[in-house]
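There are 4 protein chains.
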Amino acid sequence: MQIAIAGATGYTGLELTRILSAHPHVTISALTSETYAGQEYSSVYPGYLKRELPRLEPLVPDAIIAKADIIFTALPHKEAMRVIPSLLKRGKRVIDLSADFRFKNQKTYERWYQEHSAPGLLAKAAYGLPELYRSTIKKAKLVANPGCYPTSIILPLVPLLQQGLLTTSSIIADSKSGVSGAGRSAKTASLFCEVSEDFRAYGVFEHRHQPEIEEQLSSLSGSTIKIAFTPHLLPMSRGMLSTVYTRLKKSARTQDIQSLLEKFYKKEPFVRILPQGTLPNTAAVRGTNFCDIGFRLQEKQLVLISCLDNLVKGASGQAVQNMNIMLDCPETTALNMAPLYP
Amino acid sequence: MQIAIAGATGYTGLELTRILSAHPHVTISALTSETYAGQEYSSVYPGYLKRELPRLEPLVPDAIIAKADIIFTALPHKEAMRVIPSLLKRGKRVIDLSADFRFKNQKTYERWYQEHSAPGLLAKAAYGLPELYRSTIKKAKLVANPGCYPTSIILPLVPLLQQGLLTTSSIIADSKSGVSGAGRSAKTASLFCEVSEDFRAYGVFEHRHQPEIEEQLSSLSGSTIKIAFTPHLLPMSRGMLSTVYTRLKKSARTQDIQSLLEKFYKKEPFVRILPQGTLPNTAAVRGTNFCDIGFRLQEKQLVLISCLDNLVKGASGQAVQNMNIMLDCPETTALNMAPLYP
Amino acid sequence: MQIAIAGATGYTGLELTRILSAHPHVTISALTSETYAGQEYSSVYPGYLKRELPRLEPLVPDAIIAKADIIFTALPHKEAMRVIPSLLKRGKRVIDLSADFRFKNQKTYERWYQEHSAPGLLAKAAYGLPELYRSTIKKAKLVANPGCYPTSIILPLVPLLQQGLLTTSSIIADSKSGVSGAGRSAKTASLFCEVSEDFRAYGVFEHRHQPEIEEQLSSLSGSTIKIAFTPHLLPMSRGMLSTVYTRLKKSARTQDIQSLLEKFYKKEPFVRILPQGTLPNTAAVRGTNFCDIGFRLQEKQLVLISCLDNLVKGASGQAVQNMNIMLDCPETTALNMAPLYP
Amino acid sequence: MQIAIAGATGYTGLELTRILSAHPHVTISALTSETYAGQEYSSVYPGYLKRELPRLEPLVPDAIIAKADIIFTALPHKEAMRVIPSLLKRGKRVIDLSADFRFKNQKTYERWYQEHSAPGLLAKAAYGLPELYRSTIKKAKLVANPGCYPTSIILPLVPLLQQGLLTTSSIIADSKSGVSGAGRSAKTASLFCEVSEDFRAYGVFEHRHQPEIEEQLSSLSGSTIKIAFTPHLLPMSRGMLSTVYTRLKKSARTQDIQSLLEKFYKKEPFVRILPQGTLPNTAAVRGTNFCDIGFRLQEKQLVLISCLDNLVKGASGQAVQNMNIMLDCPETTALNMAPLYP
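Residue numbers (my numbering), protein chains in the order written: chain P, 28 to 369; chain Y, 28 to 369; chain A, 28 to 369; chain Z, 28 to 369.
By construction, these hints were calculated from the structure, which means they are not laboratory data.
One should not assume that every hint holds.
Because identical chains share one entry, a pair is satisfied inside a single copy or across any pair of copies.
To be verified - Each computed DSBU-like pair below joins lysine-lysine, with the alpha-carbon atoms no more than 35 Å apart:
| # | residue 1 | residue 2 |
| --- | --- | --- |
| 1 | Lys253 | Lys327 |
| 2 | Lys94 | Lys253 |
| 3 | Lys94 | Lys105 |
| 4 | Lys77 | Lys253 |
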């Protein structure tokens, strides 16, 4: 099976390359980059010296179509929806890491992003969260890979929401992300000197992942859900932690919540419910496709805490997980790595 | 005026030394350390070479009493309350950075810490948050310097609580601290390899600063207040940010909240209400005694965000601010430094 | 093939676990730890939840012998030489990550470390640098895995020394290491607050890796070689870079040096000579078993620069490479990972 | 005394602002920035809220001339030499932080930088290293503030060179700098994700500070000196350490070298010769104007190690030290800060 990565030199493109170059059932046949077209991948990322990879090329849909069966698009939003329709028309399957096809509601997309240039595809795209949409993903031609914050917030909440245990009017998600989430573009705000030894909130009530979370939680729970979402920027490269504050409708025992979560994710290879009383930390999932979940309960106040690597389960690892599902490979293929620690 | 620092080689003792060695109206006449007694301060902290400082000595109350008028105790709790009564008896004024005298309610202290060995002093100690207790501090013989988390959470909340604007049943404080808050003792959990590129919550519902915050907020607002408090550990040395989620009883305009906060702290040199729409970041207060406050409002959901340097406004800077008040110096003396950035 | 890791909870033990748990031809049958004996590996390192690993046990030679064919000893020196003879006597093969069997010259060992309790084994141990001792390693019962600094310094120098191109009296190695090299023990000097935003030299002319480098370089070049060796501590977890200053006896062209290095390491899977004019960086080898080498030449002044991950090619990865050789597996088995970047 | 800072929003401009806003004898009357002209300083650096500072303005020489007696130019080279002549013509004194006036030899400047547009000023500019050129600086109209690497390398070498103790043909300077030395411009190479957990050499034999060091060492020692200079990039914001390898012509005792260095810098407030056997570290000088020097000697091999804060003694602090000399203030005015540690 031949695969292509469009946008291969950003951090999510790089992470796709890292994971897919170790995948036993696929071959990377094309890597695109506008900035570095014509260069060897190892001239951009010298860590890839001595690895067999195709030379970087500009993104020309016809060229990609000729080379690949499955195409990962790790492009900025807007650019993704410009390119993807032509790939689908030629029978290719696409896993898109941008936000362009994550929404079912076109108006929501357009309010938070921009006019949509391929709205007809919104209904056809599968939301690529395997734990919740596995069967749809399996057959999909187009998978919209979820945002990193949404993945970290939806996974701990859904088991409780689907049981109707939560007061849905007061969910608060306080999330913290490593700076690789801001990508590799040269911005003053992402400089080492600006990020190191600093911590800040940003985009409170204004972050584009908020409507994505709300659309998904509403759809998955069957009722309109609004959340208060505060993202923060951590002085580190990789890792995301969400502290989710909820209220139970009725008191429950810690053991009940533990069992509910464990049962819900019992068969999932990449969601780990931590032993009772234990809270997750980002370093334990660094470089892996895991989402770790722990919680604390005090009377009706339930605090859920989830951790993932924003570039893996929050982006490229999840994309490969989706590909494995689409290809009917074992879902953990090429994703079974232990964390790099320290 | 002669001052002594008991426990001078921990991080808060070091920070007291940094600030007080530049203070024009006091002289450091004694520095104690059990571990390094007999050594020069610069042999522990080579950055202090060429600065005139007394040699480190063991903590012998009589020796300290002979040398100093004001004594800063930067000792572990329990040890502080063992030493302080004898200092006070000899007429010395004490600024204590431990938790031992922060509570009015002895039972609360004993539930969260241990048996109190000098409970008679609890009522006499001033809670050293100058913005709220300035006149009491001025006359106090014993000042209990507040915890870092409490300072960062009480300052943004009090103006709103005292106006009765908040629903008091649902206050959530999601706080994040640099690792210097854990002190200088050699613990695996504080190693570079364990902290760098990691982020985690700890002590949810169990942190000892929670009852301190609750006692203060209750006392200052005149009604019993419980909060949900989740501290997290940041991969950085200095800095603290608290994201405080509250609900207004009635809708308000952003401008109203802005005015209320600005008015409340109008004359305060160390509390900065950021321009409307701006959120604080820890690096902007690094090394300074400022507490910066910003907020976002959406309907009734009000998110307050505060930043401070946990070793300065969260500990030693605030202690010196208290001393300045006690000595009737201008409150900003030796505390007017700009942040070290980057 | 069953393998055991003695000292499995230090950083090199952890790294062995990371690599070997993904090795297709071996099974980890025992993991020892004195501190955590009786606990699950995942209770020490939660990143290992959901991975099948034996419970931690105290180091009892008989127990290990019963369970494993090959034993990795990731123990402090002195402890290693106390345990290893009994393992060898029972026919086991041992790969030792300590310094205890790295020296041929007992006196050198004893001058820099302590009295040797198993000097008879020194001659029998293979120095585990595969690029230079592959055939000896293949048959060895005991492999002494090299130090991280020696690996980074010997690899770039040997091709030039063996051709007799260098003035041997003036070799200077200025090396810089991430702090994971100091291990996981709780020391003040390894605290986040002490290491972050700091850089320092340590152990100039006194570091125990110096005699190891000198013994190896002398033996490999056939003449007595002394070097000036200055190690430094980097504010990062993983990674090592050595800047090696040498003088050529006669002028040479850059292309000549490039060819010589490329030819020498042509067939080596884990030594990468960078394209001419390119210098290595540690992040490009993070988490991998590569040693990257670049250089600059100006007249007779040749500066060689090498990079490796101190926990992988500098320790546990190299140990697994040795194991692969001993087992006659392809040498890259379980070691073919791409770097984790960023 | 009114002072202006041209280029006030780069990191050296910011550091000048930090230091000068606490200087008792000068007032900052103008701050220029092309990018942020018209804005408050605190809108660029929120840490400067509540500090009285002039609004940012574009660099218009006539406007600056009208407002200031002394002008600091923290501009990119080339731009500096374009502006400075007009300032000098109007009788202003200028302290230039660029490289434009550091060389006496115009050809050297032009070989490494570009054509010089004001070569007539080269002879008149004082090289602003106070420890070596104090009397010239005192009277100078134009001070060329030294590069950070040159400061760190010249200070430890000069005492030995002036005594004729060193073999001058084999001096090697292996230097390591924090990333703030690369300035605040948005470059991929300075992103947090690229710098954190990475270490690399750059510009070996090609760095523009090499000819500056060589011109100064030659001039100060009276003989032509060439050095091998290898700069490296540290994963930290501030701090520089140079490891300087030299050979003594004749053997000496450690005590002799110690005495020579101590004597040479006996009266200098900002050069600290560490106690014998002690080596410096960058954190001990963070935020201060100190250059700390230690060394190790083995037979004739002498390794000198120096540390400074590249933004303070390596740039803006040294510039203020020069200003103090020019104004006949005590040299330590506004520069007597203790390090911010941790």
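For each hint, the structure was consulted:
no. : hint              : in the structure
1   : Lys253 <-> Lys327 : both (19 Å within a copy, 13 Å between copies)
2   : Lys94 <-> Lys253  : neither (43 Å within a copy, 55 Å between copies)
3   : Lys94 <-> Lys105  : within (24 Å within a copy, 49 Å between copies)
4   : Lys77 <-> Lys253  : between (49 Å within a copy, 34 Å between copies)
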